[in-house]
Each structure stands twice: as structure tokens, then as C-alpha cells.
Amino acid sequence: MRRIPLGAALAALLAMGGPAGASDGGLRIAVLPLENLSGEAAPRSEILGSLRGRLEAHRVPLLPTETLERFMRKHRMRYTGGLARELGRALAEETGAGAVLVTSLDLYQEADPPKMALTARLVSTGDDTRILWMDSVDRTGDEAPGLLGLGRIHDPREVLSEVTDRLAGSLSRHLFGAEAFRRRAPGRDSGLRRFRPRSFFRTSRTVAAGTGPVRIAVLPFANESTTKYAGDILMLQMVRCLSSAEEVEVIEPGVVREVLLRARLIQEEGPSLPQADLLRLLLEADVVLFGEVADYVEPRWAGLEPELVFSARAIDTARRQVIWSSSSRGQGHDRAFFFGLGSVPTAHGLASRMSRALVVAVLPSLEGAP
Amino acid sequence: MPRITLSAGLALLLALTGCAATRGGRSTFHDPGMDFSLVRSVAVLPFVNLTTAQKAEDRVRDVFSTMLQATGAAYVLPPGEVARGISRVGLLNPAVPTAEEVVKLAKNLEVDAVITGTVREYGEVRSASASSNVISLSVQMLEAQTGKVVWSASSTQGGIGAGKRLFGGGGEPMNDVTAEAVQDLIDRLFE
Chain A
1 MRRIPLGAAL AALLAMGGPA GASDGGLRIA VLPLENLSGE AAPRSEILGS
51 LRGRLEAHRV PLLPTETLER FMRKHRMRYT GGLARELGRA LAEETGAGAV
101 LVTSLDLYQE ADPPKMALTA RLVSTGDDTR ILWMDSVDRT GDEAPGLLGL
151 GRIHDPREVL SEVTDRLAGS LSRHLFGAEA FRRRAPGRDS GLRRFRPRSF
201 FRTSRTVAAG TGPVRIAVLP FANESTTKYA GDILMLQMVR CLSSAEEVEV
251 IEPGVVREVL LRARLIQEEG PSLPQADLLR LLLEADVVLF GEVADYVEPR
301 WAGLEPELVF SARAIDTARR QVIWSSSSRG QGHDRAFFFG LGSVPTAHGL
351 ASRMSRALVV AVLPSLEGAP
Chain B
1 MPRITLSAGL ALLLALTGCA ATRGGRSTFH DPGMDFSLVR SVAVLPFVNL
51 TTAQKAEDRV RDVFSTMLQA TGAAYVLPPG EVARGISRVG LLNPAVPTAE
101 EVVKLAKNLE VDAVITGTVR EYGEVRSASA SSNVISLSVQ MLEAQTGKVV
151 WSASSTQGGI GAGKRLFGGG GEPMNDVTAE AVQDLIDRLF E
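Chains as they are written, first to last, in this note's numbering: chain A, 1 to 370; chain B, 1 to 191.
If you're looking for bench data, these hints aren't it; they were derived computationally from the structure. Every residue, glycine too, gets a C-beta built ideally from N, C-alpha and C. Misleading hints may appear alongside valid ones.
What the hints assert, rightly or not - One-sided excerpt, in silico: chain A residues whose CB lies under 8 Å from chain B:
| no. | residue |
| --- | --- |
| 1 | D277 |
| 2 | R280 |
| 3 | S326 |
| 4 | H333 |
Unchecked claim - Covered stretches of chain B (chain A as the covering partner; in silico rule of three or more C-beta atoms under 8 Å from a C-beta of chain A):
| no. | segment |
| --- | --- |
| 5 | 72 to 78 |
| 6 | 104 to 110 |
| 7 | 118 to 124 |
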């Protein structure tokens, strides 16, 4: 498969006036129904409605809901946590959607203090299914109480409004060129120090990627915690942090899932070397990343502390060797200052920061040959 | 007889009660005939769990594997590859392999040594108003050519010390205690 730089792919989508079927010739984004990873009952329609409203307010062109629902019924599309290649092609041909917005609800709590976290990514349709943009936003009602607690939010709808607005704004800034999604990773950022892995190994040899950036397949993380979807949440955070680095190209998780299901690849303790060979063949993956979440504690009431413990490994599929392995653990109040300054209120927030710190540490081994 | 003042006597008593705290529990064996510099790659087998904490053996094995890999002294096979080797060789009880099984497995996986372990204690201990996390584990290295034990060590970390016994309070998080015990073992592997 010939590799096309991501910026060129998005520019082409915006410039070509959309595939046949788009009424005004512009790029239209199909917003898939939410994937609920919070483990709680949540008003998904209301959340999705709020997100669509914010996107439209930011002038992001959306595919009508009825068109998408017709397509999903026709193709019996039940999984909304990613986009497989065939479905991406069919969506482009039949509806004219140039991209799909895949959104997951990672955290939801209505009881005071209300909490919410959304992770969303924009995936191109057509022949080349790839991640064009990704971001994650979380907010709790008590994370910025301010003077005398006047800044506390008690209404979950207010939290919902803020989260969807920030996410829509992030996508809008990327689509209209105000902010580049992919950039060179930061150097050793002192702000990430407290979230760095506790033990870490990285090979000194860089991955040989051939032409183009290093292609990484991120497998679902094994989940040994008591939080039902902790493995998926952490996988998405790793995908988000890696996909924003211009040195790498992360394979769309929906495509990875499709290959794992078709090849019947079950990897209870992570992939074996022959399985990594197969992923190299089927996905053209230079690196396979997998891991395990040991603890993921989201505090449900005041006084409890969020906690996250996970390990991650990556295999260079060409050399058939582990190129990095790490063990990370942290709690929300680690190295917090007086009155909780610097504390992280949610496990989702810890996942975001610890994933970022891990990616900064491993990227030097992924700077493949151009 | 030298006079021992009351304050000196109290200080001595406190020091002695401190020595009774559960920490260390160390014992180490190194085969004197083994050249450990020849061990370049290892496979860490599933650990035995003698505690009531579910999945304690998986957690400790995971921490041990990543921390051993982090030293850079030996290459640690990914767990999926170890699982494949165990399945191919047909080990009935991979946590306690025989010497012949170790030789077969090591040949299949192309490693220089195999590591097994046992988790003897894992979790919270309580004494009156004090509670703390404790871990006790032992690890063995078996070399690939003969399946013999060439290194073994045990470590116990955490528990309730004199201070907590007198004044109450909690202890370190379980994962930190686990990391301390594993680091202790790895330090003694390279002694």
C-alpha cells in the first residue's frame, strides 16, 4: 500500500469537494453513535445531540443523521467504536461522507460532583482509512472550585456543555487550519516528569520503517482491573498520544479490530512472535503495541483518590524483538501541592498524562528512516 | 554494672521492637559454577500464587518482567511468546516445570534461562488500628542446558513496623511495595 502523508489526505478531502453524493460538494462528517465505555448508564442520545449541536455551531459540516442511520441499518453496522476498511469504502460511496467522527464516552457520573470524559477521532473514509485528528476532554464539577468554591459545577448538563464545546472547538480548529494536529513530539517536558513510567526499557536501535513514518498497530490492552473498559480507554489514550506525533502513523483501531477478528487472533497475554508476523503482513505494521491495565480506579465520591497502574510493550515486527517495555503507576494526589494544587481528579486524566509521558519517552526509538 | 538511664533504656526498647518489623526476609543462592554473563535472554514463566488475592501472580510477574527488562542486562521474552512456547511444549504445570521441561522449553524459545516464582503473601495486614500492605515472594532462575537452579532469592517487603504499631496509620500502596520487593530481588540477581 503506498503511503500518503496525512496532511495531504485531509487537504485532498477538503479540496476535492467530497465524493459523489454530497449535496453541496463539501466534506461531510458522519458522526457515529457514542460508544459507552464508562460502565454507567448514560444518556447517549442527549450527549450525542449536544456534540452535534456544538459541531454545527463551529460550522463543521455534518452528514444528516437519517442518512447515516439508513446506512447503518443496511450494513447492519453495530460496532461504533471504530471504522473498518470495507465499511469506510461503502460509507464514502453511498453517503458521500468524507470522514467519520468516532466518539467514546470514557467517564460519566451524574451524582455530585458531575464528571464526564469524551474521546473522539476523525477517520477518513474511502480506500484509505486513517486517523486525521484525535482529542480527549475530561471535566469534573469540582476540579476548579476557585475562591470559596464559587467555581464548582453541580449541574451535569453544564459539564456536558463544556466538554462537547471544547471537543468541537478542537476539531474545528484542526479542520479550518487554525491548529495542526500532528507535530513533532515535545522533548523531555518537565511538566510530564511525575507521570513518567516507573520502570522503562527502550532499545537504542531505531525501527526501520522503509518509506514514510513508522506504522503502529495498538492492540486492545488486557484489563485486570475492576473497571470494565479500562483496557479500551487506555488503548485510546495511547492511540491519541501516538497519532499526534508526525514521526508515526497509528493504524485506525477499527481496522486493527477487523483484522484481529478475521484472523481469529486471540492474544490473552499479548501477541506471540508469529502473531506479530501476521499483523505485519495484514496491516503493514512496523510495530505492535500491547499492554495490561492492572488498576484503574475512578473515585465515585469525595475522599477517594484516582489510581492507574499499567504496563506496555512494543514489538518491532521486522526484527521480531521487544523494543520497549514499561511499567507506569500513579495516583491523583502524587506530588500534589497544598490544597490539592496539581492533583489529577480522575483516572482518565491520569491515563491521558501518563500515556503522553510514555510516548515522549519511546518516540526516539520510533524515528524510522524516511 | 554500668548505669543505664531510663531514656536510654526506652530508646533501646524502641529499637528492638523496630527490628521485629516485617521487612527483608532475604535469602539468596548463587550457583558458584554459573557464569551469569552468559544469560542474555530469559523467559519468565507464570508465577505460583499461594495467597488468596486473585491475580496476584499475574501482577507480580508483570512487574518483575518489566523491571528486569528495564535493567537492560537481559532480554525478556514477551509473555505471549512464552505462552506459545508453553503450549507447544505441552507443559502441564508451567509454574513448576521439571528440569527436562525447562530444557525443552528453553530450546523452543531460544532463551538462556527460565525464571519461575512464587507469591507467598500479597495484600493487607492489620494489627489493632494499623494496617499496611505486605508482599512476600521467591524467584528462581533455571539455566537452559540442564534445567538446574542457578539462582534463587526471596524477599518480603511492607508490613507493620514499630511506628505504625504504636501510632497507627496506613502504609505504602500495594504496587509500590511490589516494586520494592522486585527491585530487591533484581539487585540480588546482579550481586
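Hint by hint, here is what the structure shows:
Taken as an interface hint, D277(A) does not check out: its beta carbon lies about 11 Å from the nearest beta carbon of chain B, beyond 8 Å. Hint status for R280(A): violated, given a least beta-carbon distance of 15 Å to chain B, over 8 Å. With a cut of 8 Å, the hint placing S326(A) at the interface with chain B holds, because the nearest CB-to-CB distance is about 6 Å. Interface restraint check: H333(A) against chain B, minimum CB-CB distance 11 Å, threshold 8 Å, status violated.
Evaluation of the coverage hint for the segment 72 to 78 of chain B: fulfilled, as 5 residues show C-beta separations to chain A shorter than 8 Å, against a requirement of three. Three residues within the 8 Å Cβ limit are the bar, and the segment 104 to 110 of chain B against chain A gives 0, so the coverage statement is violated. Using a Cβ-Cβ cut-off of 8 Å, 0 residues of the segment 118 to 124 of chain B lie near chain A, which falls short of the minimum of three, so the contact claim is violated.
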